[in-house]
Amino acid sequence: MSPEISGALQFLALAGSLALAYRPLGDWMARVYSSDTHWRPEKWIYKVIGAHPEAEMRWPAYLRGVLAFSAVGVLFLYALQRLQGVLPGSLGFRSIDPDQAFNTAASFVSNTNWQSYYGEQAMGHVVQTGGLAVQNFVSAAVGMAVAVALVRGFARSRTGELGNFWADLVRGTVRILLPVSVAGALVLVACGAIQNFSGIHEVGQFMGGTQEWNGGAVASQEAIKELGTNGGGYFNANSAHPFENPNPFSNLFEIFLILLIPFAMTRTFGKMVGSVRQGYAILGAMVTLWIGFTGLMMWTEFHHGGPAFDIAGGAMEGKETRFGIAGSSIFAVATTLTSTGAVNSFHSSYTGLGGGITMLGMQLGEIAPGGVGSGLYGMLVMAVIAVFLAGLMVGRTPEYLGRKIGTREIKFAACYILITPALVLSFTAAALALPTPADSMTNSGAHGFSEILYAYTSASNNNGSAFAGLNADTQWFNSTLGIAMLLGRFLPMVFVLALAGSLARQSPVPETAGTLRTEKPLFTGLLVGTIMIVAGLTYFPALALGPLAEGLAS
Amino acid sequence: MNTSVRNTARLLGAGLRALLVLTLLCGVVYPLAVTGVAQALFDDRADGSEITTEGEVVGSELIGQRYDLPKTDPADADEAPRPDLRWFQPRPSNGLGSNSVNPQYTLILSGATNRSGDNEELIRWVTDAKEAVVADNTAEGYRPRPSEVPADAVTSSGSGLDPHISPAYARLQVHRVAERNHLEVHQVEQLVRDGTEGRTLGFMGEPRVNVLRLNIGLKELAGS
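Order-wise, the sequence lines are chains A and U. Under the UniProt record's numbering, residue 554 is the last one in the first sequence; the count climbs by one each step, no gaps. Under the UniProt record's numbering, residue 224 is the last one in the second sequence; the count climbs by one each step, no gaps.
It is possible that part of the hints are untrue.
Claimed, not checked - Distance ranges between label pairs, derived from CB positions:
id, chain 1, residue 1, chain 2, residue 2, range
1, A, Gly295, U, Ser100, 23 to 33 Å
2, A, Val86, U, Glu79, 34 to 44 Å
3, A, Ser479, U, Arg143, 51 to 61 Å
4, U, Asp76, A, Ile533, 52 to 62 Å
5, A, Arg82, U, Ser100, 15 to 25 Å
6, A, Leu432, U, Leu32, 43 to 53 Å
7, U, Leu32, A, Thr512, 57 to 67 Å
8, U, Ser100, A, Ala13, 12 to 22 Å
What the hints assert, rightly or not - Covered, in the sense of this in silico footprint (three residues per stretch, anywhere, with C-beta under 8 Å from a C-beta of chain U), are these stretches of chain A:
id, stretch
9, 120–129
10, 196–209
11, 386–398
These aren't lab readings, by the way, just hints derived from the structure by calculation. Backbone N, C-alpha and C define an ideal beta-carbon position, used for all residues, glycine too.
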C-alpha cells in the first residue's frame, strides 16, 4: 500500500470515529449545559466557591466571572513557577525567571500553551501537574462556557440572561473534560505513554553507561492537552516524543481527541437553538475547510519541494518514522485548524507551502473546527458576518436564527474579527522594525520572516505551536507574546459576550419568504467563502512575503 | 468606589476558591487516580517500556539511542561522534540538546532541528549524511546507490529520539552489518525481516524497524 493511500485511509478512519461520537457527545453536552440538577461533588464545589449556580447572569456579570477567574489563574500560575525552587516535589529544579513565568502563565490560562521553556529540564512535578495541567482543564472549560453563553444568546429572547459562569465552568470540567480525559489517558498508557512519579532516574543503554530520564504524569496531561485543544507538551518535542505519542494508533487517537469536542459542539449548538440542522450547516463549513486543508497539506508534503528535501528524497526532516508524512500532515492540520498547537512533527521543517497551510489555518481564526468553545463562537461570529454580507447583497436587514443583526450586533462581530489580525500584524511589524528581535531567527530570508509571523499568529490566535527555530526565550518575545496571548483570548470574549447579551434581549423575528435559510448548503458555501475572503485578504500580503515566497522558490 | 472595590475583591476571592478546588480535582485527584490505575494495569508501559537483556536494562523500546564508538578523548565535548558500524545505525538527531537550565542533571533534551528546506545548514547536513551513508554501508561486493538512500536515513526526526528507521534503511545496512559481525548476509536479512513492523491494522502509520530491538537480536546472533 502506498503511503498516500494509507494516509487517505487514516483520514477516513478518523472522520468515521468523529462521526460516531458526534451525536452522543453533542447531545450530552447540550444536556450538561441545560440541566437543572447538580451532581453532589458539584454542590460541594459551589459551596467552596460561594456561588449560586441557579443565579442567572447578564453579560457584564458573566464577563466579570471569566476575567476574575482567569486573572487569578495567571497570578497563581506565575507564583507557582516563581516559587518552584522552594516547592517540594519539584525535582530540585530552580524557579522560572519573571519574563518566562509571565509568558507561561499567560500562555496556559489563555488556552494557548506556547512554550518558551523546555519541559523536561525546567518544570517539576508540581508545576506540570498542579499548575499547567490544571489550566489545561479550566481554560478549556472557560472557552466552552463562553461559547455556551453565546448559544444561549441565540436561544433566548426578551431577557439579557446568559446563564451562570461558575456553573458552566464547573459542569464543563466535571461532566465533560474529566471523564473523557480519564478514559483517554488510560488508552494512551496502554499504547506506551508514561505515567509515573519516578522523577529523574538513570536508565541503562545498549552501548553501556546510562542516560538520565525524566518521568512524570505524562499520559494524564497528554489526554487533556489534546482534548482541551491546549497543546503544551510535557517534553520539548511535544507529541513527537515517543513517551507522549508512542505509536501510529496513539497518533490517530490524539488527533481524534483534538477534534472531538470542537466538532461535537455544533450539535450542542443545534440542540440548544432547537434546530440540529443549523448545527449541521456550521459543521459543513468546518468539515469542508478541514478536508481541503488536509488534502493540500498531504499533497505538498508528499511532493516535498525544497532543496534539502530534494536531496534527501522526502520531507522527513522533523517527522517521526512511525507516523510518516501522512500521519504528520493530518496532525499538523488538525492542530492548527484548532487552537491546540500540539505538534507531532516540526512545522518549521515542513515545505514552504506546508508551513503556509499551518499558518493560514490559524489565521482563519481557528474555526474549522477550532478550539473547544472558541471554535464555535468564532464560527458563529463568522456566520453573523456572512448573513450580514448576504443582507447587503439583497438589501434586507440580515437575520440569523430569528435575531436581527443590527448595527450593534455587527459592530461587535466586526470588532471580534479585527482584534487578532491587528495584534498579529502590528506585533510582527514591530519585531521586524526593531534591531534585536531578529537575532532570534534560526533561518534567514523568507523563512526567517515566517518564524516571526508564525509566532505572533500562534500567540494571538491562542494556538501555541511554533516555527520553533525562533529562540523565543528573550525578554522581548516572552513579554510581547504573553501580551498578544492575553489580548487575543480575552478581548474577543468581551465582544462575544456583548453580542450574546444583545441577541438575548431581542424578540424573535418571524421567518418570512425572504429570510436567508441558514440551515441550507447554500449558506454553508457562503460561510466558507466569507471565511476565506475575510482571512485571505487580511493576511495575504504577509503570507506572500513568507511561506508563499519560500514555496514558490522551491 | 468602596463598593466596587469590595465587589471586585469578592469576585477575585470566588475565583481563587474556584481555582483551588479545581486544582485539587484536576491537579491532584485526577493525575493520582490515573497513575494508580495505569500502574495497576500497565506498569511496564507506564514506567517507560524498558527492555532488559541478561538482567540488565538496555534502554526503552520507545526511545532511540546512539550507537557510537567511544570517544578518543573523553574530555573533549566538541568531538564529533563516530558511528560504531558493527551496529545498525539510527536516524540522525541534529536537533537533540542537553540541559542548560538545571545543570545538576545531564538530561537529554528532545527536539528537532527546525531548519527549513532552503536552509544552508540543513542542505549541508543532508548532503554530508547521504555521502556518509553510502560510504559507511559499502561492503565487499555491495555499494548502495545514492538514490537508494531513503529520506529517513539523512534527516533528523521530530523528537531526536525516533526509535525506528524505515525498513529500506535497515536493508541498506545489512551488508555492512553482516561483514562487520562476520555473519552471512541472509542471516542479517532475516533479522531485519523479523524485526519489521507493518502498519497498525494494515493502514496506520508507516512500516518500521526498531533499532534497539534489531541490535539486541544482532548481538544474540553474533554471540552464538
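Taking the hints in turn, this is what the structure says about them:
no. : hint                             : result
1   : Gly295/A to Ser100/U: 23 to 33 Å : violated, 41 Å
2   : Val86/A to Glu79/U: 34 to 44 Å   : holds, 39 Å
3   : Ser479/A to Arg143/U: 51 to 61 Å : holds, 56 Å
4   : Asp76/U to Ile533/A: 52 to 62 Å  : holds, 59 Å
5   : Arg82/A to Ser100/U: 15 to 25 Å  : holds, 20 Å
6   : Leu432/A to Leu32/U: 43 to 53 Å  : holds, 47 Å
7   : Leu32/U to Thr512/A: 57 to 67 Å  : holds, 58 Å
8   : Ser100/U to Ala13/A: 12 to 22 Å  : violated, 41 Å
9   : 120–129                          : holds (count 4)
10  : 196–209                          : holds (count 9)
11  : 386–398                          : violated (count 0)
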